[in-house]
Each structure stands twice: as structure tokens, then as C-alpha cells.
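Undergrad: Here the protein sequences come in this chain order: P and Z. Position one of the first sequence corresponds to residue 1 (our numbering), numbered consecutively onward. Position one of the second sequence corresponds to residue 1 (our numbering), numbered consecutively onward.
These aren't lab readings, by the way, just hints derived from the structure by calculation. Incorrect hints may appear among the rest.
[Stated by the list, open to error] Over 12 Å on every C-beta distance to chain P, these chain Z residues come out as not near it, computed from the model:
#1 Val-3
#2 Asp-13
#3 Asp-32
#4 Ile-35
#5 Lys-60
#6 Leu-62
#7 Val-67
#8 Tyr-80
#9 Gln-81
[Claimed, not checked] Calculated pairs, DSS-like style, for lysine-lysine (alpha carbon to alpha carbon, straight line, at most 30 Å):
#10 P:Lys-205 <-> Z:Lys-72
#11 P:Lys-5 <-> P:Lys-149
#12 Z:Lys-78 <-> P:Lys-304
#13 P:Lys-246 <-> P:Lys-277
#14 Z:Lys-72 <-> P:Lys-307
#15 Z:Lys-72 <-> Z:Lys-46
#16 Z:Lys-79 <-> Z:Lys-60
#17 Z:Lys-37 <-> Z:Lys-75
#18 P:Lys-304 <-> P:Lys-246
#19 P:Lys-309 <-> Z:Lys-79
#20 P:Lys-79 <-> Z:Lys-46
#21 Z:Lys-79 <-> P:Lys-307
#22 P:Lys-5 <-> P:Lys-277
#23 Z:Lys-60 <-> P:Lys-205
#24 Z:Lys-60 <-> Z:Lys-78
#25 P:Lys-79 <-> Z:Lys-72
#26 P:Lys-149 <-> Z:Lys-60
#27 P:Lys-79 <-> P:Lys-277
#28 P:Lys-79 <-> P:Lys-309
#29 P:Lys-214 <-> Z:Lys-75
#30 Z:Lys-46 <-> P:Lys-309
#31 Z:Lys-37 <-> Z:Lys-79
#32 Z:Lys-72 <-> P:Lys-304
#33 Z:Lys-78 <-> Z:Lys-37
#34 P:Lys-149 <-> P:Lys-304
#35 P:Lys-214 <-> Z:Lys-79
#36 Z:Lys-79 <-> Z:Lys-46
#37 P:Lys-304 <-> Z:Lys-60
#38 Z:Lys-78 <-> P:Lys-277
#39 P:Lys-304 <-> Z:Lys-75
#40 P:Lys-22 <-> P:Lys-309
For each residue, glycine too, the CB sits at the ideal point set by N, CA and C.
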Amino acid sequence: MNTVKSIWFFFQDQILGMQWLKALITNLLTAIGVDSTSALGGSLCFFIYDVIKIFILLSVLIFSISYIQSFFPPERTKKILGRFHGIGANTLAALLGTVTPFCSCSSIPLFIGFTSAGLPLGVTFSFLISSPLVDLGSLVLLTSVFGGKIAVVYVVVGLILAVLGGSLIEHLHLENEVEEFIRSAGRVDINMPELTVADRLDYAKEQLLSTVQKVAPYIFIGVGIGALIHNFIPQTIVEQLLGADKWYSVPLATLIGVPMYADIFGTIPVAESLFAKGAGLGTILSFMMGVTALSLPSMIMLRKAVKPKLLAIFIAVVTVGIMLIGFFFNFAFSF
Amino acid sequence: MSVNIKVIGEGCDRCDTLFNNTIEAVAELQLDAEIEKIENLIEIVKLGVLSAPSLMVDGKLLVSGQVASTEKIIKLLKKYQ
Chain P
1 MNTVKSIWFF FQDQILGMQW LKALITNLLT AIGVDSTSAL GGSLCFFIYD VIKIFILLSV
61 LIFSISYIQS FFPPERTKKI LGRFHGIGAN TLAALLGTVT PFCSCSSIPL FIGFTSAGLP
121 LGVTFSFLIS SPLVDLGSLV LLTSVFGGKI AVVYVVVGLI LAVLGGSLIE HLHLENEVEE
181 FIRSAGRVDI NMPELTVADR LDYAKEQLLS TVQKVAPYIF IGVGIGALIH NFIPQTIVEQ
241 LLGADKWYSV PLATLIGVPM YADIFGTIPV AESLFAKGAG LGTILSFMMG VTALSLPSMI
301 MLRKAVKPKL LAIFIAVVTV GIMLIGFFFN FAFSF
Chain Z
1 MSVNIKVIGE GCDRCDTLFN NTIEAVAELQ LDAEIEKIEN LIEIVKLGVL SAPSLMVDGK
61 LLVSGQVAST EKIIKLLKKY Q
């Protein structure tokens, strides 16, 4: 048992966490005369280490995930979901949300496609909540930064939020709140092109390049902010504002996170340094979920497909859900 | 018989790239083809397509959610010559 444990910790800290890289950079910086225990040197070290680590993980991840995703195009997801009903359909939608390739530019066709195919509104929303919130990439990256336990917890509560949020929307019977033109679009099933292994590798390569291009600015900004927090913001301030024992930390983190638009990869470094400075675990989870699940651009897009009332309910359900998760974790992990 | 080619996707950069690659491929093959750019969401959904950018030839989906290179499109279009 102990061997298994130590192999896992080696994997978590050295392969995923790349602690060796941190040591290497610290040594290199010391060699050229930068003191990594000073605030500036420490920030520099954090920045270089995190940027390299995230880009390496990101590249390996996107490539392998895209390969898996090539088996689950949204058209197929739609067909699979059409065969299920009730909470089972919501659960499956949340799970498929984690493996279906999804960029905000295709959220509207996807919404329209799902709805016009006769999928229940709640199932579509379960998918829409889970898709940006939880994916295989966030699981691996969170393991690298926070360790396996927190990563699994994040994924599980994210899925629960998607299932419950979707079910709740379902029970409110808001079908009339979907824009008219969508309900009249009609159902079309299409045959997907047959893909060979070479095609899938090709697809994965293209996804890798376009994703890295797209998220690179967020990573630099995210790590930059993380580095500043890491070394310039005093621990007492973070503890005062975001500590687990402060009831207002969760709503605060959620309300800051919700309008923000960033990729999970850009969000994690910020969360990482806030956590190291004493912010509550629940607070951090709320912040990350707020940033990834809801954002201004995606809301503007979604508004094209649903009426304001449904959009408002969707935002409210997800926001409240995120806060509940935050409160729960701050409470549960403080004992 | 002219071939009907649809490049499907709502105004993203990757859709434009796929559109340009398709034009290049058709020119290279000197294919008698009518190339359409489908950007209207409702039309896209009516075709049954959910991922952008996609390429449809005579009603058959050949590329889904991917920017295919000019070379790849040439390969795919060869049998329509």
C-alpha cells in the first residue's frame, strides 16, 4: 500500500506538479544572482515555473483530450442523449459535457440543435453548465496544483451542480422562454464523416494549436496575477477577505468570478496563489467555478437563443449553486 | 454536373480559413463547383450540423468541427471530379 502511495505522490508532485522544474528554476535564478526568497525574485520564479508547467501540461492534455473528443462530436452527443429520460439524461448530459468539444462560439448552434431535436430543456442546461466547468483538462491541472483529492472533489461537485441545476430548470417548465425560431427549427440527424486514426490525430493536432493560441493570453495574465498575489499581497489581507471562516468570502469570490471571462487554465494560477495565502478552499472553488461556468460573452450569446427570464433563472441557479458549494467546502474542510 | 459545396460556421476565424482552403482546393482541382458559405444559425441547424467549421459536399458531411488543410480538402474532393 505504501509503495502505491509513494508512486502516486511521485506522479502527482513530480510528473504533474513538476516540482523538479521549480527547483531547477530557483537554482538557475540563484546562479544568475536573483534571490528567489525576495518578493520580486519569488514572483519571477513563480511566473516562469507556472508558465512552463501550464504550457507543457496544456499541450499534452489538449492533444490527448481532443483525440478522445473526436469520438464524441456534439451531433453524436445529441443522438445519444435523445435515448435517455429524466435524471439519467441530466447525468449523462453532464458527463458528456466533459468530453464533448465545445467552444463558446458553438454554444448557440449547440443549444438550438439540442432543443430542436426535442431534448428536454433541463438536459440541455445540464450540458451547458458542465461543459465549460468540468473537463478532463481541469481534472489533470487541478491535480497538479492542488493534489488529487481536491481535483476529484471539484469535478464531482461540478457534475452535481450541472445535474441539479439542469433538473431544477426542467421543473420550472420554461419551454416558452426559448426564442420562437428555435422551436420551429425541426429535427435533423446527420451522418458524421468516418474518421481514421490519422484523421483523429490530425484533428487533435489542430485543436492543440488553435487552443494554445486562444488561451495563451489568459495563461500569461492569470499567472502574472498569481505571481503578484504570491509575493506582494500580504497573507493577512487575503485571510481577512477570503478566509474560510469569513461568511462573506464565498459570495465575494463568486460575484468577482461570474462576470470574468477566462479559461480554466488561466484561472488556476490565480486560485493557486490565493489558496497558498490562506483563502478558503470553498472560496477558491467558488471563484474558479464562477469564472468558468458563467461569463459575460457567453451570456450575450445565450441571450440570442433564450428569453431574458430563462437567462436570468439560469444565471441565478448557477450562481446560487456555486455559492452553496463554496459554503459547503469552507464548512466541511475547516474541521 | 456542378458540385455543391457548403462551408458551414458562424463568423469565426477558423471558418474563414476553411472557406479559403476550400476555394484553393477547388481551384487546384479545377472542379466545377458552387461554393456556399452558410453562416445563418437556423440554416446551420437545419442542415443538422452543430460544430463549426464544417464542410458539406452534395449533402454529405466531409469535415466536422475542424479546419481541414487545402491538401486534405483536395484529397476529399478528388472523387467528385
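Undergrad: What hint numbers does the structure not satisfy?
TA: 2, 5, 6, 7, 12, 14, 18, 19, 21, 26, 27, 32, 34, 35, 38, 39 and 40
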